[in-house]
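Asker: Sequence:
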Amino acid sequence: MEKQLKCFLLLSLKEMALRRVAVLLWSDSDISGSILKFPIHGYYNNEMKKLLRETTLDKVVDKVSKLDLPKSLTKQMIDIFHPIGVEIRRWKEIHQDIFSILLEDINLPVWVKLCWTTAGTIDDKKTAEALVRCNVLDVQTRFQLACVYCLEDYIRLLWEELPGKMRDHYQNENNSYFLYFCWPHVLKGELDVLDFLRRTSDRNLTSFNQWAFEQSIEDDNKIAAEYFFSEVNA
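With full-length UniProt numbering as the guide, the letters of the sequence shown map in order to residues 1 to 234.
Calculated from the structure, these hints are not laboratory results.
Mixed in with the good hints there might be a few duds.
Unchecked claim - Pairs of lysine-lysine, DSS-like flavour, derived with a Cα cap of 25 Å:
1) 66 x 92
2) 63 x 125
3) 113 x 125
4) 92 x 59
5) 113 x 126
6) 92 x 188
7) 14 x 75
8) 66 x 14
9) 222 x 113
10) 92 x 113
11) 188 x 165
12) 113 x 59
13) 126 x 63
14) 222 x 126
Claimed, not checked - Restraint ranges, calculated between C-beta atoms of paired labels, are given here:
15) 193 x 139: 22 to 32 Å
16) 187 x 62: 46 to 56 Å
17) 94 x 161: 19 to 29 Å
Glycine included, every Cβ here is placed at the ideal spot set by N, Cα and C.
Put together the whole structure using the sequences plus the hints.
Answerer: Below is the structure:
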């Protein structure tokens, strides 16, 4: 059975070291290039798993074998490696769905910007902060990233950098639940403009922040859920 990546409160130094090495191996240009180009759709069927193994996993196994580790550590490393690849795919899938962009079209080694926890999972908030600070990305994508992860200070800064027509687009779209259409009104204290979101919900909601909290949970956006939970209880 594959070793599942879970965030434990305490990991042994050996486990943390193995995860760190696995992340570094995934960051090699030939490995990261392969997984960037690997198609998302159909990833979990047998044909796609076979293709992933042939194009990426076999490369990693070869790299691990060259580390001259004891056999027991080599096996542990390989067991850890595949779930980390799945974690990268998870991150790519979420962001490709949100922004409708192909990450291989972004002209930067995105793996340099991925921030990891000691458990071998991507730290979504720190990674978003790193990407928002990266000027290689256009200002619109950086603004949307900041909104999705509720990075309020960056939202304010990037809002001022957006061209006037783009600002008009975001603040005049009143029929969308995406957070980057909500935040311009949040910044201006115009929460009444967003009342339609809670009114059209099938739940008995009393505020935009409550709607945003529950929507973030539904979208599996932990960072936004934590932000709006604090706002609901402020």
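Asker: Quick one, are residue 92 and residue 59 close enough, alpha carbons at most 25 Å?
Answerer: Holds, at roughly 20 Å.
Asker: Would you say the C-beta atoms of residue 193 and residue 139 sit inside 22 to 32 Å of each other?
Answerer: Given about 23 Å between the Cβ atoms, the range holds.
Asker: Within 19 to 29 Å or not, the Cβ separation of residue 94 and residue 161?
Answerer: holds, 25 Å
Asker: The hint says 46 to 56 Å between residue 187 and residue 62; measuring C-beta to C-beta, is that right?
Answerer: With a Cβ separation near 51 Å, residue 187 and residue 62 satisfy 46 to 56 Å, so the hint holds.
Asker: If you draw a straight line from the CA of residue 188 to the CA of residue 165, is it 25 Å or shorter?
Answerer: holds, 18 Å
Asker: Holds or violated: residue 113 with residue 126, Cα cutoff 25 Å?
Answerer: Since the Cα atoms of residue 113 and residue 126 sit roughly 9 Å apart, the hinted pair holds (cutoff 25 Å).
Asker: Regarding the pair residue 113 and residue 59, is the alpha-carbon distance no greater than 25 Å?
Answerer: Distance ~22 Å between residue 113 and residue 59 Cα, so the pair holds.
Asker: Please verify whether residue 14 and residue 75 have alpha carbons no more than 25 Å apart.
Answerer: holds, 14 Å
Asker: For the pair we were handed, residue 66 and residue 92, check the Cα-Cα distance against 25 Å.
Answerer: Given pair residue 66, residue 92 is violated - Cα atoms ~29 Å apart, limit 25 Å.
Asker: Between residue 222 and residue 113, does the CA-CA distance stay at or below 25 Å?
Answerer: With Cα atoms ~20 Å apart, residue 222 and residue 113 stay inside 25 Å; holds.
Asker: Is it true that the CA of residue 126 sits at most 25 Å from the CA of residue 63?
Answerer: Since the Cα atoms of residue 126 and residue 63 sit roughly 28 Å apart, the hinted pair is violated (cutoff 25 Å).
Asker: Taking 25 Å as the top limit, are the C-alpha atoms of residue 113 and residue 125 close enough?
Answerer: Holds - the C-alpha atoms of residue 125 and residue 113 are around 12 Å apart, at most 25 Å.
When each numbered hint is compared with the structure, violations occur for hints 1, 2, 6, 13.
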